[in-house]
Amino acid sequence: MTRPLTVVIVNGSPTERSKTMGLAGLVTTSLGNKLDIQTSSVDVYRLGSGFTGAITREDVSPDVEEDLRRVETADVLIAATPVYRATYPGMFKHLFDLVDQYALANKPVILVATGGSDRHALVIEHALRPLFGFFQAATAPVGFYANSGDFDGTLVLNNEVYSRIEIGVGDILPQLTALADAAETASVNAL
Amino acid sequence: MAFEIGILTFGEITSDLTTGALPSPSERMMQTLEQARVAEQAGIDVFGVGEHHRTDFVASAPHMVLAAAATQTSTIKLTSGVTVLSSDDPVRVFENFATLDLLSGGRAEIIAGRGSYTESFPLFGYDLADYADLFREKLDALLAIRAKNPVTWEGGMHRAPLVNADVTPRPVGDLPIWVGVGGTPASAVRTGQLGLPIALALLLGPITQMQRPAALYHQAAAAAGHSEDSLRTSINAHGYVGTTSQGARDTMYPYFARGMRENNHQRGEGFDIPRPAFDAQATEPGVLLVGSVQEIIDKIMTYYEVYGISRAIMQMGFGGVPQKEHLQAIELLGTEVAPVVRREIASREEVAA
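Which chain is which? The protein sequence lines are A and B, in order.
The first sequence begins at 300 in this note's numbering and counts up one residue at a time.
The second sequence begins at 5 in this note's numbering and counts up one residue at a time.
What the hints contain is simulated information worked out from the structure, not anything from laboratory work.
Hints are supplied without guarantee of correctness; some may be wrong.
[To be verified] Here are some, though not all, of the chain A residues that point toward chain B, as calculated from beta-carbon distances under 7 Å:
1. Leu334
2. Thr386
3. Asp451
4. Asn458
5. Glu465
6. Ile466
[What the hints assert, rightly or not] Quick list of simulated restraints, FRET-style, between CB atoms:
7. A:Ile466 - B:Gly160: 40 to 48 Å
8. B:Val310 - A:Asp335: 41 to 49 Å
9. A:Arg345 - B:Thr306: 30 to 38 Å
10. A:Pro313 - B:Gly274: 36 to 44 Å
Please read these numbers as outputs of a predicted model, since none were measured by experiment.
Think of the CB as a built atom: it goes at the ideal place given N, C-alpha and C, for glycine as much as any other residue.
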């Protein structure tokens, strides 16, 4: 029995119309062309004081608790962030500081990042990948990066980025298809 | 100078993706000539044929194809697009295009460049590693040959000197030599220093991507003492004009994706450009000249605003768009797009002057 996969984007961008979400959108479009998915996002900069003021998981507000659950129970996580001061912003890390240590174990995670130039491209490998290594996540081998010159507004105009997404999503497609075919839902498992 | 609209073909010999039919080389040659005739009838100013040395392209000798086109047309300018000058002999190139110029009554032009493929280098015994030197040297020789006959040229690392050499026939026209530039800053600078017209080739990406090379071209030309009025810029981009926006995209995409495979590698293999990527290139800020008549008019005007071009050449049919659709697009470009663009640009330049 097939069911829609829940895809949750953790968005580390502070801007409303963000390049990061433009790039993440290409990933969800590609996924959506191949699988039945339900996409939602958690915008770390818009979670409010129930998030920013929380030092431990117990401190978060009920709606933030719901968002964290959504991240933890997603079938597929897209970790999408701009590079800020050489790495992902603190707010982005703060969310993962509150995520349960084992909630992301073996979870498919797709890494997405944007930066001011290609000098930041290895943020995917040097900053994001180790974070999800800690969580023992099933991080996709190919991450997706674009620099501001690749965009017009939030639209990616660099053709290679699209091709790379097709390749990278293709790599994990068997795993995602198997997940969709599994009768049990991840959310049931997590509860 | 009136604004010019041109088309460019590589003469693909590839299958019709609907019927699977593959034109024979002679059929494709006749189709290419038909394109030239239809282009002239539709009011297009320039017809270009690009040089490729591969089974899937019919035009390894564009000057021959253009010579045949010259006998079937009377006003359209005939240009290579490009002539792979680095792997050719400058004397031979001049002779060929001067001959074309005589056959066509002064309509011959050359766009010199590397082109998007590299087969010609081993074929003619050149090392691709020498590309930059070869091009610089041979362009220098070609310009010397065009400037004066008999010609004395000092020679270089790859081409023996010419001493009081008689290189004929002499063209009746100016035999314009453009330089095709794909974005390499040094190439743009060199073109500016020589005061040659620049043909900017934009394959994929933002429409503004060539602003830096274009600026370098103008700076280098000014520094070398060439007046701004003597410079010309053209853009060369892939495209297809249809009666509807969506229809044009649907027609062009599968062929363009096939044509692009070799230029779009992933993990060492050709890869089809994804449709969303193609559609992004078709939007206002993207380089592709694909869409409805109005979209093409608007995009050529954007190119005009960004680069101050006096010529736009649409590479049409890349990947082997079937002849019927190809001819329809030529008609629309010549009869619907070109008059509006010419009028609009003429009125803007009148206001500016």
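Now for the hints, and whether the structure bears them out:
1. Leu334: 16 Å, violated
2. Thr386: Since chain B brings no Cβ nearer than about 27 Å to Thr386 (chain A), farther than 7 Å, the hint is violated.
3. Asp451: With a closest approach of 4 Å, the Asp451 (chain A) hint holds.
4. Asn458: 4 Å, holds
5. Glu465: This interface hint holds because 5 Å falls under the 7 Å limit.
6. Ile466: Interface hint status for Ile466 (chain A): holds (5 Å vs cutoff 7 Å).
7. A:Ile466 - B:Gly160: 40 to 48 Å: 43 Å, holds
8. B:Val310 - A:Asp335: 41 to 49 Å: 42 Å, holds
9. A:Arg345 - B:Thr306: 30 to 38 Å: Hint holds: Cβ distance 35 Å, inside 30 to 38 Å.
10. A:Pro313 - B:Gly274: 36 to 44 Å: 39 Å, holds
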